[in-house]
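K.L.:
Can you build the whole structure from these sequences, using the hints too?
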Amino acid sequence: MGKKAKKEKELALEELLQVFRDGKQTPEQKEFVEKQVSKVLRKELNYGCNSCYQDAIIELVKMQREQPDLYEERQTDPLFVLKRGVLVPYEFGSSEFLVYQNCTDELALKFLAKNPENIEEFDVYPENWKELISIEKPPVEE
Amino acid sequence: MAVTCDTLIKKDISVNCEAPIVRGLEANGVIINRCDLDFSKCTQSASKKNILEAFALLTTKKGFKVYVPGKNPFNGTKTTMATGAYVNTFTNELPLVVLDQGPDVAENIIDGLANGTFVVIVENKHKGADKSGAFQVYGFYQGLSASAIENDKYSEETEGGWAVTLTEERSPKSALYLFKTDYAATKAIVDSLVATAGA
Chain S
4 MGKKAKKEKE LALEELLQVF RDGKQTPEQK EFVEKQVSKV LRKELNYGCN
54 SCYQDAIIEL VKMQREQPDL YEERQTDPLF VLKRGVLVPY EFGSSEFLVY
104 QNCTDELALK FLAKNPENIE EFDVYPENWK ELISIEKPPV EE
Chain C
4 MAVTCDTLIK KDISVNCEAP IVRGLEANGV IINRCDLDFS KCTQSASKKN
54 ILEAFALLTT KKGFKVYVPG KNPFNGTKTT MATGAYVNTF TNELPLVVLD
104 QGPDVAENII DGLANGTFVV IVENKHKGAD KSGAFQVYGF YQGLSASAIE
154 NDKYSEETEG GWAVTLTEER SPKSALYLFK TDYAATKAIV DSLVATAGA
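Protein chains in written order, with this note's numbering: chain S, 4 to 145; chain C, 4 to 202.
Treat the hints as calculated values from the structure; they're not laboratory data. Please read all numbers here as calculations on a predicted model, not as lab measurements. Keep in mind that the hints are not guaranteed to be accurate.
Some chain C residues well away from chain S (every beta-carbon gap over 10 Å; in silico) [to be verified]:
1. ASP15
2. ALA57
3. THR120
4. TYR144
Stretch by stretch, here's where chain S covers chain C in the computed footprint (C-beta under 8 Å, at least three residues) [unchecked claim]:
5. 147 to 160
6. 190 to 198
Every residue, glycine too, gets a C-beta built ideally from N, C-alpha and C.
P.N.:
See the structure below:
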C-alpha cells in the first residue's frame with residue numbers, strides 16, 4: 004500500500020475517533036468499529052463501556068502505524084486458519100508454537116514448511132498450500 | 004483389547020511437599036457444547052492416561068467463557084465415586100452462577116444449559132509442580148448436563164441471578180486433565196477455544 008493511501012486510512016480512523024468523542028456516532032459506525040476490533044485486534048468489545056469504542060479506535064490507529072503489514076493482512080480473510088484447541092510446535096522440543104489466536108499466514112507457512120503433515124490441523128487453507136510452502140522454504144545451502 | 008485392565012496403584016501415597024495442595028478453582032473457565040468437539044483430534048497422552056494433549060473443536064465451532072467471581076468460584080465442584088455391579092465410576096458435579104437475567108440470558112444461556120450436554124474446562128488453583136494439574140476437563144466421557152437450575156429473585160448468593168448445577172454421571176476416570184508441554188502452551192490451547200474469530 005502506498006504512503007498516501009496509508010495516510011488516508013489513518014485519517015479516516017482519526018476522524019472516526021473524533022465522531023465518537025463528540026458522541027455523534029451512527030449505529031453503522033459502531034458496527035464498523037465492532038467488526039474491525041474482532042477482525043483486526045481479535046478481541047471483543049465490551050458493549051456496556053462508554054469509552055471502549057474510542058479506546059478500540061486508538062488501538063487500531065496504533066496498530067496501523069506500528070504494525071502496518073499485520074494490520075493489512077488482517078483486513079482480508081486469512082488463508083490459513085488453525086483448528087481451535089490444537090497446538091502445533093515449530094519442531095520437537097521448541098518453545099515456539101502456533102495456536103488459533105496467533106496464526107498468521109506468514110507463521111502458518113513457516114510452520115508448514117518445517118512440517119507439512121501439520122496441514123491436518125488446519126480448518127482453512129488454500130489449495131496451492133504446497134506451492135506456497137516451497138516458496139517459503141529457504142534454499143538449502145550447498 | 005486387553006483382557007484385564009490395569010487397576011493397581013503405582014505410586015506412594017504421601018504429601019506433595021514440592022507443590023502443597025491448595026483448595027479451589029480460578030474464576031475463569033470454558034464451556035463447550037459437547038457436540039462441537041472433534042473427538043478424532045482429541046488425543047490422549049501416550050504416557051499418562053488421564054491427560055489430553057489436544058482438545059480440538061469442529062470447523063467453525065467455538066467455546067464460551069464462564070466467569071464466576073467471588074472468593075470461591077464454582078463452589079461445590081466435586082467428584083464422588085459411584086459403586087457399580089462390576090465397575091465403579093465417578094460422578095462429577097460442577098455448579099456455576101449466571102449473574103445476569105433477561106431475555107438474552109434466558110434464550111442464549113439458560114435454555115441451552117437446560118437441555119444440552121457440555122464439556123467444561125476449569126483451572127485448579129493447585130497446578131502441581133510441573134503444572135500438569137492446572138486445567139481439568141469435566142464432561143469429556145459422558146457429557147455434563149443440568150441437574151438443577153434455579154432463579155431465586157431474593158437469593159442471598161446470586162442476587163436474583165441464575166444458579167446452575169451441571170452433572171456428569173458414570174465417568175470411567177477419576178479426573179481428566181488438559182496438558183501439552185508446559186503451562187503456557189496449555190493455556191494457549193484453552194484460550195484458543197474462546198478466541199475471537201480472526202475473519
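K.L.:
So, for every hint listed, does it hold in this structure?
P.N.:
Structure-based check of all given hints:
Annotated as non-interface, ASP15/C keeps its C-beta farther than 10 Å from every C-beta of chain S; the closest such distance is 30 Å. Non-interface status of ALA57/C relative to chain S is broken: a Cβ of that chain comes within 10 Å, the nearest being about 5 Å off. Here THR120/C stays apart from chain S, with its beta-carbon at least about 18 Å from theirs, past the 10 Å limit. TYR144/C, annotated as away from the interface, keeps every beta carbon of chain S farther than 10 Å; the closest lies near 17 Å.
Check result for the stretch 147 to 160 of chain C against chain S: violated, 0 residues qualifying (beta carbon to beta carbon below 8 Å, three or more required). Coverage of the stretch 190 to 198 of chain C by chain S holds in this model, with 6 residues showing a Cβ closer than 8 Å to a Cβ of that chain against a need of three.
Hint check: violations occur at hints 2, 5; the rest are consistent with the structure.
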